[in-house]
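Chemist: Sequences listed follow chains A and B, in order.
Using our numbering, the first residue of the first sequence is number 1372, and each one after it goes up by one.
Using our numbering, the first residue of the second sequence is number 24, and each one after it goes up by one.
What the hints contain is simulated information worked out from the structure, not anything from laboratory work.
Heads up, a few of these hints could be off.
[Stated by the list, open to error] Stretches of chain A that chain B covers, calculated by requiring three or more beta carbons in the stretch to come under 8 Å of a beta carbon on chain B:
| # | segment |
| --- | --- |
| 1 | 1444 to 1455 |
| 2 | 1508 to 1514 |
| 3 | 1535 to 1548 |
| 4 | 1575 to 1581 |
[Said to hold, decoys possible] Short derived list, chain B residues pointing at chain A, Cβ under 10 Å:
| # | residue |
| --- | --- |
| 5 | Asn149 |
| 6 | Leu158 |
| 7 | Gly161 |
| 8 | Val168 |
| 9 | Val169 |
| 10 | Trp173 |
| 11 | Val174 |
| 12 | Pro178 |
| 13 | Val179 |
| 14 | Ala180 |
| 15 | Thr186 |
| 16 | Phe187 |
In this text the structure is predicted, and so the values were computed from the model without any measurement.
A virtual CB, placed ideally from N, CA and C, is assigned to each residue, including glycine.
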Amino acid sequence: MRIRVLILLVFAVGAMAQVTLSPPPAAGEVLDFFQTMVISPDLKAKFAPVLATGLSAGRASSQYALPFLQQLSVQPSAQAEEALAVIHRALERGFIVDPLMNDVLKGLQMRQPWERVKANLGIRYNCLVAAQHVLLQYGIIGIGPQAPGGPLLPQDRLVLETAWAVGDYYFVQPQETLEAYVRSRLLKLRGSVLDPSVVDPLLAVLTQDLVQQIYQAMWIVVN
Amino acid sequence: MPLDELEPAICEAISREIQEGLSVLDGVEGRVARRLAHPPVRRSIRNRVAGVLPSVQIRPRWAFVAGFALLALGIVVGRLSLPISRGLPASATNLFTVAAPGARDVAVVGDFSAWQPISLFDHDGNGVWSVTVALPPGRYEYAFVVDGRWVGQDPVAAEYVRTFGEYVSVRYIGGEGL
């Protein structure tokens, strides 16, 4: 009886054990893997230094970059190149690219046709460009480094989260207004991933007109 | 004569002299003298352990239990000493749970794992599968995959988003979205 209780106790402790995500691979491992990919030498030569800089500046994280490249490596080369070209452009403009890579991984995990994955990636990228453009226009953010190697600024995260909220609105098509949807998202992120000193100025001037400009600019970028 | 050899020689001489006069001593004096003549042997810890070990019988089931107890101790100690990223606020434990009676393979996929599956377990065999994942504050999208089937709407999710025609659950950790 005592043994059974002991064994049960041990299993209960085991059940409580939490999963800790494996530590991120080294940036060198990501870059080494990239060199093994079968893509055009031109793109490889262009992308490698940008990726290396993005990894060291924190615009790309190795825990997303490595699975992203691994998944692309089993796709046809043309498809891998299409996705890499978008990530390359985003890094060159100084955007945080982890969510872009994650979105591709999500689409592949959901076994979506490549055309849908690619279209989704394009929309997300356009949202980033549009959000940066409009937030700059409104004076919410300053002109950042606009390059992969510049220091990662809190406003880079604000651009990302604003763009992501607008993109989600497009995909989800909720009943509420775009302004309410974006405001609600930013408030939920306030104090965790968005510093109040960064997000509060945007919340203070956030209007339907402002977010509508991002939404519309998103399509101008597309065309 | 070296000093360390001198002491045993003196002890031996004293012991011999006492033994020679032992017959004439009685009472307390005699008991003390006898004790001095036959001093207790001091055994080292190593010798004591070596002496005890052959008499110990370890039953296999106790060895099994002890092994598991050590494993559990390791898990507990591991939990208490997990490294935390310096740039992020402390991780929070997040329970992902889904009811999937009769399922054979249940996993959670999400942006926190680069959409790679993390297995859930049904410890009680009651059809409720769960896993706890340590995550820093943020917004997390996730879904369950039950025997290869996408289950995107977790009843306890803060919200849902739909991409690629499928729902994905969203959980906020920390900040005002908690």
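Chemist: Which hints from the list above does the structure break, by number from lowest to highest?
Modeler: Per hint list: 1, 2, 4, 5, 9, 11, 12, 13 and 14 violated.
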